[in-house]
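Engineer: Residue numbers (the working numbering), protein chains in the order written: chain L, 1 to 272; chain D, 273 to 594.
Everything labelled a hint here was simulated from the structure, so no lab data went into it.
Since the model is a prediction, treat every value here as computed from it, not as a measurement.
Glycine is no exception: its CB is placed at the ideal position from the N, C-alpha and C atoms.
Keep in mind that the hints are not guaranteed to be accurate.
To be verified - If you want the footprint, here are the derived chain L segments under chain D, 3+ residues with CB under 8 Å:
| no. | region |
| --- | --- |
| 1 | 116–123 |
| 2 | 157–165 |
| 3 | 169–179 |
| 4 | 196–210 |
What the hints assert, rightly or not - DEER-style ranges, computed between Cβ atoms:
| no. | chain 1 | residue 1 | chain 2 | residue 2 | range |
| --- | --- | --- | --- | --- | --- |
| 5 | D | G295 | L | W207 | 34 to 42 Å |
| 6 | D | L462 | L | L249 | 57 to 65 Å |
| 7 | L | L23 | D | R440 | 41 to 49 Å |
| 8 | D | S405 | L | T106 | 47 to 55 Å |
| 9 | D | N514 | L | S272 | 30 to 38 Å |
| 10 | L | T106 | D | G295 | 39 to 47 Å |
| 11 | L | G157 | D | R286 | 36 to 44 Å |
| 12 | L | G157 | D | G295 | 58 to 66 Å |
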Amino acid sequence: MIAAIRSEFVKVTTTRLWWVLALGLFGYVGFTAGLLAGLLGALGSQIAQRPGSPQVPMDLVAPVVYSTVAAVGYVFPLILGTVATTSEIRYRTLTPTFLAQPRRGTVLGAKLIVLTAAGALFGVIGLVASVGIGAPILAATGNDAVLQSPDTWALAGRVVIAMALWAAIGVGVGSLIQNQVAAIVSVLVFTQFIEPILRFGSSVWDWTASVGRFLPGAASDALVGTTIYNAFGIGSSARDPLQWWQGGLVLLVLALGAAFAAYLTTWTRDIS
Amino acid sequence: MSGTTIEFHSVSKRFGAVEAVNGLSFTVPPGVVTGFLGPNGAGKTTSIRMLLGLVRPSSGSATFGGVPYAQLERPLATVGTALEASSFHPGRSARNHLRIFAAAAGIPAPRIEEVLHLTGIGDVADRRVGGFSLGMRQRLGLAFALMGDPEVLVLDEPVNGLDPEGIRWMRELLGHLSSEGRTVLVSSHLLSEVQQTVERVVIIARGAVVYEGTLDSLESAVRVSVLVDSPDRDALRAAIENAGLGLVASSVSGLTVAGTAQDVGAVALRAGVSLSLLVPERANLEDVFLSLVGVGGAAAGSWAAPDPTRGTSTDPGPGVQP
């Protein structure tokens, strides 16, 4: 198993995919966090003073800024896990992989472990962007960056867990969709379009909201705790969101379920 | 090297309604290079992939000295494999490609450098494989196969895409490896491509073995014929017919007679016919191969009768089933 993990590690680190995505994550999260920190930090208190305007709970501003990593950036580890898997099918590297390690379950397990770790690393990279850019802007606009608070570090830990699980989910998604282009398009369409609509739509009635909170993005937000979506009730099933650990459990079940389905289908079929 | 024999025991594979491989049984002994031949679609690649545990047989088993690939303790150190020349991520360098599988198989890093140089791609090892020519990919595939210093080599169309120099190099390498007592199985859809490389051949067609044995006995199975002529051709024709020799064909260049030059010469001498031409002819081995695998149209069944009358003969020729 150690050998298989080392092999999968070399696979991930020897193509450009991981650092191109990491760079994209850093840029996207940094931009979003900076924008939010600037807007909410500078204008939040002014808006709140005007009668009839939506209230921005100022104690949530820092967590919302920091958690942009998972709120908007979770698609990056998801794509990483997906493409790391579909490229093996696309470029037929599964053939030499299974020649070197005929126990396919071991290969899948090693891939899940390595990509989960890579997803966690993406979480850390994202946090460097969201905290590194968001905190100085918050401080500059006269807000408390709450970097000393244990709550902030607990949030950071949950962000890392969420990002790690998203990469693991990607492995299952990539195994099941197989076609690289179709997989990337599916992931983007689902995460950027279908799920936001479902989350927004499901918040209309109580019963749909109780289902909608199990949507992967909603579960991820529940795990992280405070994100732009659930802090301000944007498209969230605010009524009765999942506990953080329940959200994590939903993602974990998704990751393991997809991996199990992948093992039963793609990973044990004939490789020709 | 103790020697490992590859054994196919009535291996079959069905894809839906299509019987890709049908009760394949043969063995590949150590110490010689064995050609695994058949036209495209004969089931070669499927057979090899079943041997390597990549495709599950519908029935039967293929083993290395009795052990299925998936149960080999150290697969890459036992069997070296080069399959199609496209199992590479184009964005990865040749060296990194090998590092991945060296890590998985516990092969030490210095061995990567050894096989890179042995296969002649040491200078381009840090370039992305996406820019490699087919020949360079073949060499990288071979480097992967040799990495574990295996007792058995299974190579699918290894000379495909190599230049003449590369083919010669490959031939010498495979000969050297087999002389060390290794088992070498080389597949090809062209007999001529591996004719000078292999000693034994296993020929398959439509998923079943049609010939298994040495290349020499395949050659001797080819019925010999002689092109003979005389200033008095009618007398020669009569002599041959009287002697009971088979007249296969007649053309401007002479008569094609089934038999050895010795027999035909003796017949002419007894009949007092002077000869102006006596040339032994041997059917092209490739034609034999094509007739065995049942392709090549008119060549089938008429390979004993070479040009220019090919296709006019109805003689099915002797069977060459072992």
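Engineer: If a hint holds in the structure, say so; if it does not, say that too.
Structural biologist: Now for the hints, and whether the structure bears them out:
1. Proximity of the region 116–123 of chain L to chain D, defined as three or more residues with a beta carbon under 8 Å from a beta carbon of that chain, is not established by the 0 residues found.
2. Requiring three or more residues with a Cβ within less than 8 Å of a Cβ of chain D, the coverage given for the region 157–165 of chain L is violated, as only 0 such residues are present.
3. Here the region 169–179 of chain L counts 0 residues with a CB under 8 Å from a CB of chain D, which misses the bar of 3, and the coverage is violated.
4. By the rule of at least three residues with a Cβ nearer than 8 Å to a Cβ of chain D, the coverage given for the region 196–210 of chain L is violated, with 0 such residues.
5. Our hint of 34 to 42 Å for D:G295 and L:W207 is violated, since their Cβ atoms are close to 60 Å apart.
6. Take D:L462 and L:L249: their Cβ atoms lie about 59 Å apart, and the range 57 to 65 Å holds.
7. Between L:L23 and D:R440 the beta carbons are some 47 Å apart, a value that agrees with the proposed interval 41 to 49 Å.
8. In this structure, D:S405 and L:T106 break the distance hint of 47 to 55 Å, their C-beta atoms being roughly 34 Å apart.
9. Between D:N514 and L:S272, the C-beta spacing of about 60 Å breaks the proposed range 30 to 38 Å.
10. L:T106 and D:G295 have their C-beta atoms about 33 Å apart, which leaves the hinted 39 to 47 Å range violated.
11. Between L:G157 and D:R286 the beta carbons are some 53 Å apart, a value that contradicts the proposed interval 36 to 44 Å.
12. Taking 58 to 66 Å as the suggested C-beta distance range, the pair L:G157 and D:G295 conforms, at roughly 60 Å.
In summary, the structure is inconsistent with hints 1, 2, 3, 4, 5, 8, 9, 10 and 11 from the numbered list given earlier, while agreeing with the others.
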